[in-house]
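Asks: What follows is the residue order along each chain.
4 protein chains.
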Amino acid sequence: MLIIMKKIATKKQIQNIIIIAEEKNYKPHIISGKDKVSIAILNNNNEIINLSNFLGLDGIEEIIPITKSYKLVSREIKQDNTIVKIGNVCFGDNSMPVIAGPCAIESKQQALEIAEIVKKAGAVIFRGGLFKPRSSPYSFQGLGKNGLKILIKIRKETGLAIVTEAMDIENFNILEEYADAIQIGARNMQNFSLLKRAGKSLKPIILKRGMCATLQEWLMAAEYIINKGNNQIILCERGIRTFVKHSRNTLDLSVVNTAKQETHLPVIVDPSHAAGIRDQVIPLALASAAVRPDGLMIEVHNKPNEALSDGAQSLFPNQFKTLMKKAKAIYSLAGKTN
Amino acid sequence: MLIIMKKIATKKQIQNIIIIAEEKNYKPHIISGKDKVSIAILNNNNEIINLSNFLGLDGIEEIIPITKSYKLVSREIKQDNTIVKIGNVCFGDNSMPVIAGPCAIESKQQALEIAEIVKKAGAVIFRGGLFKPRSSPYSFQGLGKNGLKILIKIRKETGLAIVTEAMDIENFNILEEYADAIQIGARNMQNFSLLKRAGKSLKPIILKRGMCATLQEWLMAAEYIINKGNNQIILCERGIRTFVKHSRNTLDLSVVNTAKQETHLPVIVDPSHAAGIRDQVIPLALASAAVRPDGLMIEVHNKPNEALSDGAQSLFPNQFKTLMKKAKAIYSLAGKTN
Amino acid sequence: MLIIMKKIATKKQIQNIIIIAEEKNYKPHIISGKDKVSIAILNNNNEIINLSNFLGLDGIEEIIPITKSYKLVSREIKQDNTIVKIGNVCFGDNSMPVIAGPCAIESKQQALEIAEIVKKAGAVIFRGGLFKPRSSPYSFQGLGKNGLKILIKIRKETGLAIVTEAMDIENFNILEEYADAIQIGARNMQNFSLLKRAGKSLKPIILKRGMCATLQEWLMAAEYIINKGNNQIILCERGIRTFVKHSRNTLDLSVVNTAKQETHLPVIVDPSHAAGIRDQVIPLALASAAVRPDGLMIEVHNKPNEALSDGAQSLFPNQFKTLMKKAKAIYSLAGKTN
Amino acid sequence: MLIIMKKIATKKQIQNIIIIAEEKNYKPHIISGKDKVSIAILNNNNEIINLSNFLGLDGIEEIIPITKSYKLVSREIKQDNTIVKIGNVCFGDNSMPVIAGPCAIESKQQALEIAEIVKKAGAVIFRGGLFKPRSSPYSFQGLGKNGLKILIKIRKETGLAIVTEAMDIENFNILEEYADAIQIGARNMQNFSLLKRAGKSLKPIILKRGMCATLQEWLMAAEYIINKGNNQIILCERGIRTFVKHSRNTLDLSVVNTAKQETHLPVIVDPSHAAGIRDQVIPLALASAAVRPDGLMIEVHNKPNEALSDGAQSLFPNQFKTLMKKAKAIYSLAGKTN
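Going down the list, the protein sequences come from chains X, W, F and E. Residue numbers in the first sequence follow the numbering used here, run continuously in steps of one, and reach 472 at the last position. Residue numbers in the second sequence follow the numbering used here, run continuously in steps of one, and reach 472 at the last position. Residue numbers in the third sequence follow the numbering used here, run continuously in steps of one, and reach 472 at the last position. Residue numbers in the fourth sequence follow the numbering used here, run continuously in steps of one, and reach 472 at the last position.
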């Protein structure tokens, strides 16, 4: 922590900061500038320095925290990529596996049909929600437990691994047995109880970025999971809330590489939720591939106009097919070293 | 829903919209403008019109949803204010009761001392967290169940009703018995499982606005609760996330009156979390009183510099005392009718 | 500037930073932490340290700028309030003068009628635009030069001082002679040419905060003016752009006191533009008074439903009258010291 | 415009809306829904319907504007792409010409060296600022008029066309003679005086999107130019302001295709300003290419660490060379039709 003292701070005020820092067992360090003094407060152990200890003391102009609060997810702790495995598919090994499927599973027939479409087009993991976090209680809430058999059937018939979302601990307890990976949605990114539960699981977790989460908050959410013992975490960017009106959210592609510098965990992109409108999904998916994420997640529906949830952003089968070809080629091209 | 057709839309394209609308049992209504046609799609029953049915059809320029999706929370359904009672305190009856206390309960002594301070200053409800949603797993997570006795003791000794936060269903099940009202925090505003649980409770719920929630989303979250049978809901504005760097969040005071026009539920303001810095809490609290909310929630600590959580934004006892006097007077003044 | 080195930074990398800093005539200062090194880079003179000199060098984890770049507007340079005088009215002397009038001057009769209304209600300065920054070229652009006589007439007949907006240097040259103060609008906050021109004027300047300006950027815009010799600057908060849909902008009341801590210049609030809707203007104006700004600016129209510009946010005369009484009383109440 | 009446609106209130609409010579149209009435207000001519005429009338629940206010820039008016020519380079003809150069021209040698580097790598237009909009008056403000000869020299020696920025009308008057295209920066996007001046020019204009401009506002800014007679306008996305801290701005790639659907004008992308950090520029530039914009604008410097302005975001020559190859290939790939 860096405490910048006011120009007019007195010696006594500076001395007071030093005393308090030493009382708390921190290590203060005075830096005398041309016309003001700053005090670096270092810690002697792993605890974060408590801002409240200094805030409001006389003579202080500004307090700047300098320590990052995430630890186990940090690339400082572990410099090589963590490889996360969902079924047989690896994330984090310089490839871009594609997870695809409908927003919600509506029926066995719909799910199977879509699973076969996306598999044929090159997707390696199937996604589909049974428990749906919908803004309105009057919207379709998903098939719930009744859909579990469909998941099993899809895996059996197509060989695709299955990702589905848990909205709470109870969902998690049920799905853990059936799914190959469990997604925690954007609205639950700071549902700390759910994160702790995920941390005790052996199943890989896909952690979506909250709609207004900073990179720091997102990584801290992952820290909650890894801290309980589960390091099989995939981070998924899905757009942030901005003032913009022409798209549902604004896809933040700059976060992908910055996150990968900060953490050893894989980072994937879901352009479907960011766009909210089919026409925007395709260019955003190609743009995503160009930043070389560790994977993509795309919504596809066999009959988007009949979808019970988020049909407006689901691709038609043919669109997905073309997209897959291009996305894969762009990913390779962007990664060439000469 | 209003569908605006392109200038160049053909008669056949317009006809196609009409056919689909009728198939879905909606009521289409053509409006011929100077140079383009719009089609109002009305519903015959209470279902929301499914956007996906029309999105992407040829000839459409824009689709504008016009129906609000909340129902039971709407002032259209119930025109008079809903009065929510926590203990003996009424919210929604043209008064501004104040809820105050520390961010987290740290010990019996700390909690009791603060409870007596805030009571003396005029607060009528005590707040204090046992289960704390902290960004970092390494921060103080609250006393948990061990603090339940403290809550009981405070109520017994001071007569103040108690508000505390539930982070998940498990917390809720425990706290329901001990607390007079249960708070659902900003990060859980769209934790739909928790909302449904709250809807089945007989205890009043304080529902904080999510950091990036629109008014519509906030009311829909309340709809989840009321829809399950519990209409004892207090909405609490606590600041939204913006690009601003000088305060933690930006308090959105314009939402108070707009929300009260839309819903019959009481709306209160928490300026402490919006500010994040003690110096800003006092002016923002007075500003809040001036928009005549149905209550205030303020963080107070007996020793803010020693607080284990959010000390930086907690008021000193004396500050709170002065604030209370002024806030009450401003509230009255703002409400005078001549 | 504080350079935080990576945990794995080598001695050579650290040495390299030191060498470059010394070459550039800065003063580097090493701080050895528990597991990483930070380097404070201080300057020996008044120049800002050039970030580009260090960015991208090996071994650096993060660079944190710590010097504020504004100087002459800073309260560090001048600790007492600057009093800005428009006509005989003082801003910055612990009072809250009110500037009121229509968005645009439409005719002599309209302007005079409104001027008399607002004067009678207690406003001390008249506002009204001749050159209007409208989003659309097809909207009413103001009377332009043809309205100058109206301004003179209003001042003569009512004794009110006149504030009007300059959109460019040409406008400024014309208005400087006729107006008592010149406003630079939110959209022009970083029109540096206009700021420089304002800096050479003897007339007081009202500098509105840009819709997405940080406090730092706003103060730097004022620095452009003061740097050219004009210290008669009033800062005006008018709402920021956020994701919110229920109001045009979000009024950022926390900025008022924070700005006043940073600068010696007066800070006023315009709640009309923030709200964009009449119903929200009144509560926001009262809330503004509660944070004790150095003034208010309010839009009033004799016939809001006929206004050629921003009628939706203009108050009716009676509303303004009531508002004035309450706002003044709230301002006094909020400022009481016991 | 669509006026939605409250459920409880009386017949008289509805009738009142109709009367006012007819008085104003609009065409009202009643739509009776299941439980409420809406009134579509259509105009008989080209004027925009004045919101103020209806706002605040009794019985109204909500007013929804439905007409877009831009006209001449709209693809409804002109369905084929407008081709904008800078020198011999065409924008808008399904190609992606690249504009490159330093943020600011610092010296003849620097500028020429960079111009040759970018030309060799495949850029077809040189960019470089003489008049620089800097947040601080103490930062390098550009060479101003003294740099004009350098522009001429670069064109003569390299054959590249020249783009440079005008910050005000005076700059514009000077630069119009020397530059092949004139840029209007993000901070000036709503400097309506400058836009009108640009509209009278014969030179092509590059109009950057304001940091917090909606698509609608951006197109309206272009409308100001085209409305005065100049249709040679290139729109340039350069990132929007969000709550995000890891990058300077958030590049909004979804706007590219949406803008191209709305307008016939070409749309290009500047990833350098969005990123603000060199490491992010390369992936964002490739992502930009994948959405198939009508061009790219990239900052390149021969010695980024010595740059007087925005060195942190300028690419090294070698980085630019690699980028060019990949970006061109990705652009082609993304555009393949099978």
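Since the hints were made in silico from the structure, they are not lab data. Take these hints with a grain of salt, some might be off.
A pair counts as met if it fits within one copy or between any two copies, since identical chains are not told apart.
Straight-line alpha carbon distances no greater than 30 Å define the calculated DSS-like cross-link-like pairs of lysine-lysine that follow [stated by the list, open to error]:
1. 279 / 460
2. 253 / 140
3. 330 / 279
4. 394 / 460
5. 290 / 334
6. 460 / 168
7. 462 / 145
8. 334 / 279
9. 279 / 362
10. 145 / 253
11. 202 / 242
12. 459 / 330
13. 158 / 140
14. 205 / 283
15. 470 / 330
16. 459 / 170
17. 287 / 219
18. 394 / 158
19. 283 / 161
20. 170 / 212
21. 212 / 253
22. 170 / 362
23. 362 / 330
24. 330 / 460
25. 170 / 158
26. 287 / 334
27. 170 / 202
28. 334 / 437
29. 253 / 141
Asks: Checking against the hints above, which ones are violated?
Replies: 1, 2, 6, 7, 10, 11, 12, 14, 15, 16, 18, 19, 21, 24, 28, 29
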